[in-house]
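Participant: Below, each chain spelled out in residue letters.
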Amino acid sequence: MLLNLRYLAISVAIAPAFTGSRLRRLVESQLIVDESWAVSQIGGGRIDRRVLIGAGLVLYPFWVGGTAVGALAGDVLGDPKRLGLDAALPGLFLALLATQVVNRRALLAAAAGGAIALVLLPVTPAGVPVIAAGAVCLAGLRRR
Amino acid sequence: MSATWTVVLVVGAFTIAFKSAGPVLLGGRELPQPMVNAFGLLAPSLLAALVVTQAVGGKEAIVLDTRLVGVGVAAVAIRVRAP
Chain A
-6 MLLNLRYLAI SVAIAPAFTG SRLRRLVESQ LIVDESWAVS QIGGGRIDRR VLIGAGLVLY
54 PFWVGGTAVG ALAGDVLGDP KRLGLDAALP GLFLALLATQ VVNRRALLAA AAGGAIALVL
114 LPVTPAGVPV IAAGAVCLAG LRRR
Chain B
1437 MSATWTVVLV VGAFTIAFKS AGPVLLGGRE LPQPMVNAFG LLAPSLLAAL VVTQAVGGKE
1497 AIVLDTRLVG VGVAAVAIRV RAP
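Line by line, the protein sequences are chains A and B. Residues in the first sequence are numbered from -6 upward in steps of one, following our numbering. Residues in the second sequence are numbered from 1437 upward in steps of one, following our numbering.
Just to be clear, a hint being listed does not mean it is correct.
[To be verified] Which bits of chain B does chain A cover? Going by a derived footprint, with three or more residues having C-beta under 8 angstroms, they are:
{"id": "1", "segment": "1438 to 1452"}
{"id": "2", "segment": "1455 to 1466"}
{"id": "3", "segment": "1470 to 1479"}
[What the hints assert, rightly or not] From the structure, some residues in chain A lie toward chain B, with a derived Cβ separation under 7 angstroms:
{"id": "4", "residue": "ALA8"}
{"id": "5", "residue": "LEU19"}
{"id": "6", "residue": "GLY58"}
{"id": "7", "residue": "ALA61"}
{"id": "8", "residue": "LEU65"}
{"id": "9", "residue": "ALA88"}
{"id": "10", "residue": "ALA91"}
{"id": "11", "residue": "VAL94"}
{"id": "12", "residue": "ALA102"}
{"id": "13", "residue": "VAL129"}
{"id": "14", "residue": "CYS130"}
Think of the hints as simulated: they come from the structure by calculation, not from any bench. Computed from a prediction, not measured in an experiment: that's the story for all the values here. Ideal Cβ placement from N, Cα and C applies to all residues, glycine included.
Produce the entire structure from the sequences given, and follow the hints as far as they go.
Facilitator: Here's what the structure looks like:
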């Protein structure tokens, strides 16, 4: 729950890109996930709504379907760790991060966010490290 | 209904609310410049934190295991732009 609070910040950040009826905005906003948000970035925190929706539509069935398969037949695979699948998520986020470090400011934000997460990881409940790291962006409020 | 399902439904409802808050309440409106400046840094800071928590995160602990090797390989692959 706390971890998903990041979507509140993301949804406000990209709100300007969403137009159309309230219902349409409600439906389209559900396609916001870390991955669709990251790949639709067009600089300065703005996004291309069509890319976000396209990516979201591609990801959604795999996410829901994968979760269903995992819940129903997950035992067939055994321990994901044995297969090395536990390294897939950090690898995915790293690949997305690499596309976002486009200048010195972004690099500093990434370094600070990563450091905050690392420091808080052993001492706070799940979710807090990521949310606290996201707060790093507040440092950008004043200068551009 | 089991406690697990209650948690799933409650978290799901909040997540839907979080995701829709911006587009539904503010959709199409430009944000003030200071917020635009700040949100420009949101992707790198959030994604870096997700890399860290997924790579070395345990239950309120830092756990160093084979995931780090995987992330190292991923870093090299990204660097050389594989495939």
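Participant: Which hint numbers doesn't this structure obey?
Facilitator: Numbers 6, 7, 8, in rising order.
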